[in-house]
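One-letter residues, chain by chain:
Protein chains: 2
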Amino acid sequence: MSLVVHKYGGSSVADADMIKSVARRITDARKKGTGVVAVVSAMGDSTDDLIDLARSVSSQPHPREMDLLLSTGELVACTLLTMALEDLGQEAISLTGSQAGIHTDTSHGQARIDRVDTARMLQELEEGRIVVVAGFQGITEDEDITTLGRGGSDTTAVALAAALQADRCEIYTDVDGIYTADPRIVPEARKLDEISYDEMLELANYGAKMHPRSIELGAVFNVPIYVASSFNQTPGTLIHGNADKVEMENRIKATGIACTKNVAKITVRSVPDRPGVAAALFEPLAQSGISVDTIVQNTSEDRTTDISFTVSGDDLSAAMAKVEELAKEIGSGALISEAGLAAVSVVGSGMQHTPGYASRMFRVLADGKVNIDMITTSEIRISCIIREEQAEEAVRLLHRGFALDEPDPADGN
Amino acid sequence: MSLVVHKYGGSSVADADMIKSVARRITDARKKGTGVVAVVSAMGDSTDDLIDLARSVSSQPHPREMDLLLSTGELVACTLLTMALEDLGQEAISLTGSQAGIHTDTSHGQARIDRVDTARMLQELEEGRIVVVAGFQGITEDEDITTLGRGGSDTTAVALAAALQADRCEIYTDVDGIYTADPRIVPEARKLDEISYDEMLELANYGAKMHPRSIELGAVFNVPIYVASSFNQTPGTLIHGNADKVEMENRIKATGIACTKNVAKITVRSVPDRPGVAAALFEPLAQSGISVDTIVQNTSEDRTTDISFTVSGDDLSAAMAKVEELAKEIGSGALISEAGLAAVSVVGSGMQHTPGYASRMFRVLADGKVNIDMITTSEIRISCIIREEQAEEAVRLLHRGFALDEPDPADGN
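Taken in order, these protein sequences are the chains called A and B. Going by the working numbering, the first residue of the first sequence is number 12, and it counts up by one from there. Going by the working numbering, the first residue of the second sequence is number 12, and it counts up by one from there.
Read the hints as simulated data drawn from the structure, not as lab findings. There may be inaccurate statements among the hints.
For identical chains, the list gives no copy identity; a pair is met inside one copy or between any two copies.
No farther apart than 20 Å at their CA atoms in a straight line, the calculated lysine to aspartate or glutamate pairs in the DMTMM-like style are these [stated by the list, open to error]:
| no. | residue 1 | residue 2 |
| --- | --- | --- |
| 1 | LYS31 | ASP60 |
| 2 | LYS31 | ASP63 |
| 3 | LYS202 | GLU138 |
| 4 | LYS42 | GLU400 |
| 5 | LYS220 | GLU403 |
| 6 | LYS43 | ASP28 |
| 7 | LYS333 | ASP313 |
| 8 | LYS42 | ASP178 |
| 9 | LYS220 | ASP204 |
| 10 | LYS202 | ASP125 |
| 11 | LYS339 | ASP60 |
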């Protein structure tokens, strides 16, 4: 029997009517003879409500307790969806992360899945039941409850699809699929029928709605991920690893434009140019849980160098406090910080092998009088750090500049 | 080290401030060098909110799903209390029913505890932690979550106290202790310093606030149970099995007056008087989950007899439907039902060995013009079924008639 894993986010199960609507969608899939495992997030804003409760009793809630508290949100949604399915005459059963065999490490609040023991799920599927799994959570070897952190339920869904060797993982959310750019910024943005894991990863890292983690997992285990709306029947976007096909299209177009706002930059001047100095700077930042994005180091002159890097605007003050400390130890010069920046990126497979992409990006931005502060590139992405207030205009300029508003000939429409 | 189990009901942890106040009470106990295991119920009305949610998605929620759903209420309260304790500088850890080793049978919604595996609790206590356990829940051998039904968190607390061989189990609630009668009905009711398990069981079965189940468990494992208010420091009531002490007081007084309202009576006329006929009537009722209380069978004449019994008013129509069916099978006569009744009881150890109790009760009720419909007695209780509208007046008359408003000489005050 074929098997699909569905995933429904919090906005898709925000109230009783929406839960019933999700139950009807799952029932339709099941009636086609497909086995279904459904992963759900907590209802609407209920996770935020639990966080508020925790803060009302404790100035710094313990991560272990926070995990057990937050895990209840998914349990509620998961049992309600199961009840709604049973009310439609379906055989269904809810499973906690633990019952679904999701074993994680002990990093409370950001646990990583070690393995999935599929025995219970397979048994329930064999008995003809729809299996509804609480997303975002797992259990440690000591039977403590963990949560997977941001993007957790997507990760649960892709991990279950991989472990169960499902035909595909379908992520139902409040958007219709993956677009060439954020449609709220670029009204003429087009929905993509398909996209490769790598491209999606770059888009996700630079502003698209999905969390990169589940896409990485999908890429590693080659799980096709279909992203579509839970509110309508419009076809969505298939994220897959059929690299040959993507290559064969041999398109000279970019796939999409991504944008991250609330970016801040820190520059450390006159850093002694000796081995290990970058590690001395960035290791302590990572240990403090501050995620560093773009890093640029200028060519060294007179045995010192300038290092610039970006962090989320939310982390700027914590990062500066840490860097001030480290700068003294390292013996570097002045610190400069700048908030109110954004990263805009052009993403597309094979960009590195196609001349002219980067120069075209710089030309488009220059023509739009957008000043570029930093530049980084990857195999399939070029990113520029610019002023935040110019970000949306830059996305629109690049979308037009790379002809993304024109139908893709490969789409056949 | 001495060890106490505390239990806090939903009204004691209804909001953040009350949770913090409970945390201070536990901290005070801990600071005296005592090990503490705290069992908590769901916050305020949160269980009712979850039931409403379930009903909004399903006309008849599956008991297994309902259990997993309801179990989240206690998890929330349990993690919040742990956070509040940590905020006061205490080492504390929350445990789910499963983590606390509470193994039950598979009767969802009304599971019974099979055994408590204390390993994890003992380990946490040994490491100096306050252990906060989610009440009302356990786990089956198949790792499905169960709930214990009415009085569940009290049962959890007493079961843990028994399994851990705690010095005592302290139930903190919204009343100051056990009274000679309901103080809302009898303003001059006195709080008892102590009461035996048996007496408390009769009071609980006949209207006092505690559920009989936890008291039975306390009696079997000889766990002293202390009932007091979580809102003040007033001394409460100790329920214990020191029968000698209770006997030695040799009191000629009753312990308390209990009252159950919303009682209904069913009379089956002309029941063939042959062996097995009572079983044929009451076994199917029990199997339908209808709890039968008082049963009276009149002396048999001409090979038939009349059987009367009481049920909760809520169960009357279901019971009548069942009895109509059974009456045909048995070949009995007319059925008569009557709602709007109440049971008033005088409870006291050694009543059966003290002449005059029953007649005194009947005299007090007769003087108050309260008509008695049915009478039953136990070792330590005499109950009369009367009209519900006379119930409160009857309780007041009996409280005065048995001199319960006068201080107990054994109390030393």
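Right, here's what the structure says about each hint:
1. For the identical chains of this complex, LYS31 and ASP60 are inter-copy neighbours only, at 18 Å across copies versus 23 Å inside a copy, given an alpha-carbon limit of 20 Å.
2. For a Cα distance limit of 20 Å, the shortest separation of LYS31 from ASP63 across copies, 15 Å, qualifies, whereas the shortest one inside one copy, 28 Å, does not.
3. Taking the shortest Cα distances, LYS202 and GLU138 never come within 20 Å of each other, neither inside one copy (38 Å) nor across copies (57 Å).
4. For the identical chains of this complex, LYS42 and GLU400 are neighbours neither inside a copy (50 Å) nor across copies (57 Å), given an alpha-carbon limit of 20 Å.
5. In the homo-oligomer, the alpha carbons of LYS220 and GLU403 lie at most 20 Å apart inside one protomer (16 Å), although the nearest pairing across protomers, at 64 Å, exceeds that limit.
6. With identical chains, the CA atoms of LYS43 and ASP28 are never at most 20 Å apart, being 23 Å at best within one copy and 52 Å at best between copies.
7. In this homomeric assembly, LYS333 and ASP313 never come within 20 Å of each other (Cα to Cα): the closest approach is 26 Å inside a single copy and 97 Å across copies.
8. Within a single copy, LYS42 and ASP178 get their C-alpha atoms as close as 16 Å, which meets the 20 Å cut-off; across copies the closest is 58 Å, which misses it.
9. Proximity of LYS220 to ASP204 under the C-alpha cut-off of 20 Å is restricted to the intra-copy arrangement: shortest distance 16 Å within a copy versus 63 Å between copies.
10. For a Cα distance limit of 20 Å, the shortest separation of LYS202 from ASP125 qualifies neither inside one copy, at 34 Å, nor across copies, at 57 Å.
11. Proximity of LYS339 and ASP60 under a CA criterion of 20 Å is satisfied in neither setting, with 42 Å inside one chain copy and 56 Å between copies.
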